[in-house]
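Asker: Spelled out from the first residue to the last, the chains are:
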Amino acid sequence: MNVSPATDVPLPQPDLLAALPRLRRYARVLTGDIHRADDLVQETLARAWEKRRLWTAGTDLRAWLFTVMHNVFVNERVAARHEARNVSLDDDGEGGEAWQIPVRPSQYARVELIELIHHVGQLPVEQREVLLLAVVEELRYEEIAVMLAIPIGTVMSRLSRAREKLRVVFGQVPGAGASLRVVR
Amino acid sequence: MNALPITDADVNAFVDGTLAPARMPAVEAAAAADPVLAARIATAQRHNAQLRDAFDSWLTEPVPKRLIAATAAPVVPRARRITPWMQMAAASAAVLVLGVGIGWFGRELTLQRAGTPTTFTREAALTHALYATDINRPVEIWAAEEARLVRWLSRRMGFPVRAPDLNSAGYALVGGRLVAGNEMPTALFVYETP
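Protein chains in written order, with this note's numbering: chain P, 1 to 184; chain D, 1 to 194.
In case anyone wonders, no lab produced these hints; they're calculated from the structure. Keep in mind that the hints are not guaranteed to be accurate.
Claimed, not checked - Which residues of chain D face chain P? A few of them, derived with a C-beta cut under 10 angstroms, are:
| id | residue |
| --- | --- |
| 1 | ASP8 |
| 2 | ALA13 |
| 3 | THR18 |
| 4 | ALA20 |
| 5 | ALA22 |
| 6 | MET24 |
| 7 | HIS47 |
| 8 | PHE55 |
| 9 | TRP58 |
| 10 | ARG66 |
| 11 | ALA72 |
| 12 | GLU145 |
| 13 | SER154 |
Stated by the list, open to error - Partial pick of chain P residues on the chain D-facing surface, computed with a CB cut under 10 angstroms:
| id | residue |
| --- | --- |
| 14 | ASP15 |
| 15 | TRP49 |
| 16 | LYS51 |
| 17 | ARG53 |
| 18 | VAL74 |
| 19 | GLU76 |
| 20 | ARG77 |
| 21 | VAL125 |
| 22 | VAL146 |
| 23 | MET147 |
| 24 | LEU148 |
| 25 | ALA149 |
| 26 | ILE150 |
| 27 | SER157 |
| 28 | GLU164 |
| 29 | PHE170 |
By construction, the Cβ of each residue, glycine as well, lies at the ideal position given by its N, Cα and C atoms.
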């Protein structure tokens with residue numbers, strides 16, 4: 001009656017636990033909402049266990065979890081859009097999801113960092129996702145391209161656009177206004 | 001700036017530390033010659049450091065218990081924590097539906113007209129309470145004789161009946177019996193978790 005195959009390798013729980021804070025962070029950047037973010041993390045973990053045979057033991061579990069989370073998020077988003085298809089869509093333009101992550105002002109959080117998080121929240125989700133993965137998670141562009149299943153040129157152009165916007169709205173350097181040539 | 005144009009990709013890779021070493025001198029030279037480019041690189045580098053600071057502050061927050069729990073291998077729902085009574089009630093209720101499926105709607109209407117205060121789930125629960133809790137004889141015919149059980153029930157009910165295979169849900173057939181429905185004979189199948 002028990003039909004569990006013998007080859008079923010469980011995900012290493014210590015590694016999952018270690019990845020939790022980063023998964024939560026990625027989820028917040030994607031959803032822009034603390035509670036939805038934790039729901040997304042939970043769904044991601046459930047999905048990861050379900051699909052654990054797709055993970056190759058010994059490879060970077062965090063990167064694989066990020067991929068799973070990205071896919072769960074995108075699928076939900078597509079479903080939500082499909083449901084709301086009568087509502088006019090802002091077709092991947094600005095916003096979409098409102099950024100509702102309050103940053104608790106503490107003695108540690110400097111005002112400009114709070115402001116920066118706010119500005120990142122104003123970026124389209126595709127851009128802030130790449131910004132997080134490239135800058136904060138310090139993943140290579142090629143890894144991000146594989147993870148998000150997009151061409152590397154798209155990774156770079158999203159990153160450039162994100163940087164350009166942040167440069168305009170946050171921390172302007174006097175005299176810097178010229179735009180560099182964008183490849184691809 | 002003059003010979004090899006510095007692209008956005010160069011700037012990105014430079015500030016993210018992924019630029020090919022061979023390309024580094026070109027970017028550095030261009031930045032030295034072009035204050036606008038230099039400022040741009042400086043801004044991006046400053047933003048990088050600030051982004052890491054800002055978003056790293058989230059990593060130290062306590063993680064909710066439900067997420068910690070979700071890192072454990074999911075337990076296949078075996079309903080172990082539910083009492084056997086509840087399990088069997090659920091299982092027999094489900095099976096009663098199948099057993100009496102035919103003619104069900106007509107019977108419901110008749111019952112309602114007659115004012116009989118019963119619903120199918122209630123009937124199933126009552127039937128269950130009567131038989132399934134009898135540990136020694138919950139069923140008339142045990143699962144070992146499933147073929148005989150099914151033949152008998154089919155004959156008494158007037159249409160082919162079979163015991164649903166609930167093994168995939170973790171329920172093993174114990175056996176079954178014929179019980180009195182409100183208007184017609186009803187089949188009761190009892191299942192248990194291993």
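Asker: Now tell me, hint by hint, if it's right for this structure.
Answerer: Hint-by-hint comparison with the structure:
1. ASP8: At about 4 angstroms, which falls below the 10 angstroms cut-off, the nearest Cβ of chain P leaves the hint on D/ASP8 intact, so it holds.
2. ALA13: holds, 8 angstroms
3. THR18: This interface hint holds because 6 angstroms falls under the 10 angstroms limit.
4. ALA20: violated, 12 angstroms
5. ALA22: violated, 17 angstroms
6. MET24: With a minimum Cβ separation of about 17 angstroms from chain P (threshold 10 angstroms), the hint on D/MET24 is violated.
7. HIS47: It holds, given that the least Cβ distance between D/HIS47 and chain P is near 6 angstroms, below 10 angstroms.
8. PHE55: holds, 5 angstroms
9. TRP58: holds, 5 angstroms
10. ARG66: OK, holds: D/ARG66 within 10 angstroms of chain P, min 6 angstroms.
11. ALA72: Holds: closest Cβ of chain P sits about 6 angstroms from D/ALA72, inside 10 angstroms.
12. GLU145: violated, 19 angstroms
13. SER154: violated, 25 angstroms
14. ASP15: holds, 9 angstroms
15. TRP49: holds, 5 angstroms
16. LYS51: violated, 12 angstroms
17. ARG53: violated, 13 angstroms
18. VAL74: Check failed: Cβ of P/VAL74 comes no nearer than 20 angstroms to chain D, outside 10 angstroms.
19. GLU76: With a minimum Cβ separation of about 17 angstroms from chain D (threshold 10 angstroms), the hint on P/GLU76 is violated.
20. ARG77: It is violated, given that the least Cβ distance between P/ARG77 and chain D is near 21 angstroms, above 10 angstroms.
21. VAL125: With a closest approach of 15 angstroms, the P/VAL125 hint is violated.
22. VAL146: violated, 15 angstroms
23. MET147: violated, 15 angstroms
24. LEU148: violated, 16 angstroms
25. ALA149: With a closest approach of 20 angstroms, the P/ALA149 hint is violated.
26. ILE150: Hint violated; P/ILE150 Cβ to chain D Cβ min 15 angstroms, cut 10 angstroms.
27. SER157: At 8 angstroms from the nearest chain D Cβ, P/SER157 passes the 10 angstroms test, so the hint holds.
28. GLU164: Result: holds, 8 angstroms to nearest chain D Cβ.
29. PHE170: holds, 7 angstroms
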